[in-house]
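S.K.: Top line first, the protein sequences correspond to chains A and B.
Counting in UniProt numbering, the first sequence runs from 1 upward without gaps.
Counting in UniProt numbering, the second sequence runs from 1 upward without gaps.
It is possible that some hints are incorrect.
Ranges of calculated distance between the beta carbons of each label pair, as one might list FRET restraints [claimed, not checked]:
| hint | chain 1 | residue 1 | chain 2 | residue 2 | range |
| --- | --- | --- | --- | --- | --- |
| 1 | B | 122 | A | 219 | 34 to 42 Å |
| 2 | A | 45 | B | 67 | 55 to 63 Å |
| 3 | A | 217 | B | 122 | 14 to 22 Å |
| 4 | B | 3 | A | 213 | 24 to 32 Å |
| 5 | A | 219 | B | 12 | 34 to 42 Å |
| 6 | B | 12 | A | 214 | 56 to 64 Å |
Take a look, some chain A residues computed to stay more than 10 Å from chain B by CB distance [claimed, not checked]:
| hint | residue |
| --- | --- |
| 7 | 33 |
| 8 | 61 |
| 9 | 95 |
| 10 | 128 |
| 11 | 132 |
| 12 | 134 |
| 13 | 143 |
| 14 | 191 |
| 15 | 212 |
| 16 | 213 |
Read the hints as simulated data drawn from the structure, not as lab findings.
As the structure is a computational prediction, the values presented were derived from the model and not from experiment.
Don't be surprised by glycine CBs; every beta carbon is placed ideally from N, CA and C.
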Amino acid sequence: MLTDSDLQALWLTARLAGIVTLILLVLGTPIAWWLARTQSRWRGPVGAVVALPLVLPPSVLGFYLLLAMGPNGPVGQLTQALGIGLLPFTFWGLVIASVFYSLPFMVQPLQTAFEAVGDRPLEVAATLRASPLDAFFTVAVPLAAPGFLTAAVLTFAHTVGEFGVVLMIGGNLPGVTRVASVQIYDHVEALEYAHAHRLAAVMLIFSFVVLLALYAWRSGPKKGL
Amino acid sequence: MAGIDARFRLDRPGFSLDVDLALPGRGITALFGHSGAGKTTLLRCIAGLERAPQGRLVVDGEVWQDTERWVPTHKRPIGYVFQEASLFPHLTVLGNLRYGMKRSGKPQRVSLDHAIELLGIGHLLDRKPDALSGGERQRVGMARALAVSPRLLLMDEPLAGLDLQRKQEILPYLERLHDELDIPVLYVSHAPEEVARLADHMVVMERGRVLMSGALVETLTRLDWPVRLGEDVGVVLEGTVVERDGHWHLARVEFAGGSLWVRDDGHATGERLRLRVLARDVSLAREPGISSIQNVLRGTVDAIGEDEHPSLMRVRVRVGPSLLLARLTQRAASALQLAVGQEVWVQVKSAALML
Chain A
1 MLTDSDLQAL WLTARLAGIV TLILLVLGTP IAWWLARTQS RWRGPVGAVV
51 ALPLVLPPSV LGFYLLLAMG PNGPVGQLTQ ALGIGLLPFT FWGLVIASVF
101 YSLPFMVQPL QTAFEAVGDR PLEVAATLRA SPLDAFFTVA VPLAAPGFLT
151 AAVLTFAHTV GEFGVVLMIG GNLPGVTRVA SVQIYDHVEA LEYAHAHRLA
201 AVMLIFSFVV LLALYAWRSG PKKGL
Chain B
1 MAGIDARFRL DRPGFSLDVD LALPGRGITA LFGHSGAGKT TLLRCIAGLE
51 RAPQGRLVVD GEVWQDTERW VPTHKRPIGY VFQEASLFPH LTVLGNLRYG
101 MKRSGKPQRV SLDHAIELLG IGHLLDRKPD ALSGGERQRV GMARALAVSP
151 RLLLMDEPLA GLDLQRKQEI LPYLERLHDE LDIPVLYVSH APEEVARLAD
201 HMVVMERGRV LMSGALVETL TRLDWPVRLG EDVGVVLEGT VVERDGHWHL
251 ARVEFAGGSL WVRDDGHATG ERLRLRVLAR DVSLAREPGI SSIQNVLRGT
301 VDAIGEDEHP SLMRVRVRVG PSLLLARLTQ RAASALQLAV GQEVWVQVKS
351 AALML
């Protein structure tokens, strides 16, 4: 069956994906809201930056993050000055890198959901004495709830599937940065095909089940919200 | 000082709004005009949903907008009924009603129970909006707007999206609002019969400008109507049912200056109601004759004006203190040798009861 180090890698992966999803829910929501509603000329550039990780090779993203967080990078200087030390090859370095890497998977479904809500419900809320913030939480968020679920699931699943950025930023430290995808790579390099098979199967089944659930739910009969 | 002072200038590609209006602080004021006239934009400016860069809005002596001040929509004591009821789909009917109510401060001028009772939606409270008919949804939308105890109720064509039957279902509720609540209403409509039935005051708009503004009865009897009304030219008379004839199913409605027999729609004697008399249903005669027209009144020609069609003309006749409009052909008017001040017999073919 799965070895202890396999289980450790899976647990690390789940923890990483969970933390990244939570952080992105907090960071991605205002970005998506702004992108959905602004008429600013910065909408295009910001949208493009958010989408970059979709097309950029993970190694490129990882390379720049490594430089930024390294001893001579601006982020590295800051974290050293703050007494945190350097982030590369730590769990939290991996978290930060993954936040960038998975950003579009949170922002884009949320943006679509907010756009679908439209202006009218918020105008109605305003005529019913709700301040903009109040209306956001009591009208926009409930109406965009399916978008939140989609975004969270995609972000989690996508973070689970990350490999290139991890290698660049995290290296391969057991229990710290060795996530499941890296563990499989190690198994293959060590010609432990049986181990690789089991862990790969776990990943395959997990990803399939998550996507199946999401698609089944999305294409299901439209229930009144 | 009670009332609404509204001055807005707004420029958009292909449209500009430029109005300066003083509106009464009570009763229903209809903002009337064809589509694209700017009625909804004006209403949205008053609600604060649209921000005219140059504007001044004073309601009941309170400044809602001027060069220094801007009161955001959620701080304006308004109720707003949108054309499509726009209920929150994630809340039940009761949840929708409570949403605004619990956010609106004291004093509560309209209780939730009163709003529910007024619109007859007590049996719908647990339903979700998608389980309601269009008419029910609109009634919930109105109750929701009332439940915030507004000091000004803004209604944007609340009946426009509904078929005739649903309109008939809702109109009585609107009339109850008018009769039972002392809340001024701005009512956007492009339907003359709705305006005739509901409004006390009327503003006529076209291409972002106000063309006329005045009390309904006076406005309707003007001969210089700046927008096309076609078959809808007519006046409104306020009257009382004084007599009912069970045999012929007719009721006699007395108005200032005379009375008319109309179809008996079951209104009790003593009830106050509105009659709408269309100009096309009024003809004039020099002598009273035997005719199928039973309603014949004595009047004098008050003014003569043009109609939209060159073959026709509009004649305003005074019957006691009331004014009626008649639409005649130019040829008939010439044959009658009509002149201002002349006494005529006014034959009213039909009059529609509005309430």
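S.K.: Which constraints among the numbered hints does this structure fail? Numbers only, ascending.
M.R.: 2, 3, 4, 6, 10, 11, 12 and 13
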